[in-house]
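K.L.:
Line by line, the protein sequences are chains A and B. For any residue, its number in the working numbering is found by taking its place in the first sequence, counting from 1, and adding 517. For any residue, its number in the working numbering is found by taking its place in the second sequence, counting from 1, and adding 517.
Please note: incorrect hints may appear among the correct ones.
Intra- or inter-copy, both count: the list cannot distinguish identical chains.
Think about it this way: if two alpha-carbon atoms lie no more than 35 Å apart in a straight line, the pair counts; the simulated DSBU-like pairs of lysine-lysine are [to be verified]:
#1 K670 to K650
#2 K539 to K670
#3 K646 to K523
#4 K523 to K668
#5 K523 to K539
#6 K646 to K668
#7 K523 to K670
#8 K627 to K646
#9 K650 to K525
#10 K650 to K539
#11 K646 to K670
#12 K525 to K627
#13 K539 to K525
#14 K627 to K523
Note that these hints are calculated values from the structure, not bench results. This structure is a prediction, so every number in the text was calculated from the model and none was measured.
Number of protein chains: 2
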Amino acid sequence: MIDHEKLKARRARLSDLPQLLKLLADDALGKNREAADSSEACYVQAFNAIDSDANQYLLVCELDREVIAMLQLTFIPGLSRRGALRANIEAVRVDSGLRGQGIGSWIMRKALHLARERDCGLVQLTSDKSRTKAHRFYTRLGFIGSHEGFKLKP
Amino acid sequence: MIDHEKLKARRARLSDLPQLLKLLADDALGKNREAADSSEACYVQAFNAIDSDANQYLLVCELDREVIAMLQLTFIPGLSRRGALRANIEAVRVDSGLRGQGIGSWIMRKALHLARERDCGLVQLTSDKSRTKAHRFYTRLGFIGSHEGFKLKP
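Using the sequences provided together with the hints, build the complete structure.
P.N.:
What follows is the structure, encoded as structure tokens:
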């Protein structure tokens, strides 16, 4: 069992890109979507677009200087709910060899802390309907599955 | 029946704020969430936060110089799907006196056009599970209800 005291949360750096892509590809739904080569221009450009945007926070969890989990927070200003900022979470991933040790909860709690720091009125995410284990995980964290999540390739 | 040729799409302006808040409040779920006074600082600040962010597009539909529908697009840079930009849609509203005349489809098609212009790989939105009419509407537009939508008040 991993000692959570040894985990460290920080903003992702460009040098993390190979490990971030490994986490994204190491997933039942993601494995056919990603290329193996993290030096590809599309990934470097995307990283820089995230990193230069004050409303994006690509959060990683480090253990012994290795990135073992990630997620992306996007802060969305809006008029609804008296002009509340909302936090949208995408790309939640934990190293497949280290699951079941509370790392997902740990990084999600860090994300919720960041959302509270920015005074967000709402945190939201969607999860593919096939990911039933993930749904139980989010429910345990206090999320309510109150919405249908719609996607379209434009 | 409204002549769709008379509809005009444009980016929202600060002077639209009273009408935008009217549209947000004129809704079964939104009516208890919003204040009546659009001059309140929280709304003006939120409008400016949206308007000054290159990744936000608060889109309105005008008929005879009156705003009759709205939605908010947020462009989210990400690493997934080979660094694809995704478009998130919030706050889709049509004047309750003008529903059933294709205005919702009209403004959604404008939003999808903006997403294609930015080369988005995915467009996404969530809709409260109680809004079954809205779900049929999004499905007709080509959206797939493939995801669970989770929300949490942090």
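K.L.:
For every hint, state whether the structure bears it out.
P.N.:
Against the structure, the hints come out as follows:
| no. | hint | in the structure |
| --- | --- | --- |
| 1 | K670 to K650 | both (26 Å within a copy, 22 Å between copies) |
| 2 | K539 to K670 | both (24 Å within a copy, 31 Å between copies) |
| 3 | K646 to K523 | within (33 Å within a copy, 40 Å between copies) |
| 4 | K523 to K668 | between (38 Å within a copy, 29 Å between copies) |
| 5 | K523 to K539 | within (22 Å within a copy, 50 Å between copies) |
| 6 | K646 to K668 | both (12 Å within a copy, 15 Å between copies) |
| 7 | K523 to K670 | between (41 Å within a copy, 28 Å between copies) |
| 8 | K627 to K646 | both (25 Å within a copy, 28 Å between copies) |
| 9 | K650 to K525 | within (25 Å within a copy, 45 Å between copies) |
| 10 | K650 to K539 | within (21 Å within a copy, 40 Å between copies) |
| 11 | K646 to K670 | both (18 Å within a copy, 22 Å between copies) |
| 12 | K525 to K627 | within (10 Å within a copy, 43 Å between copies) |
| 13 | K539 to K525 | within (19 Å within a copy, 45 Å between copies) |
| 14 | K627 to K523 | within (14 Å within a copy, 49 Å between copies) |
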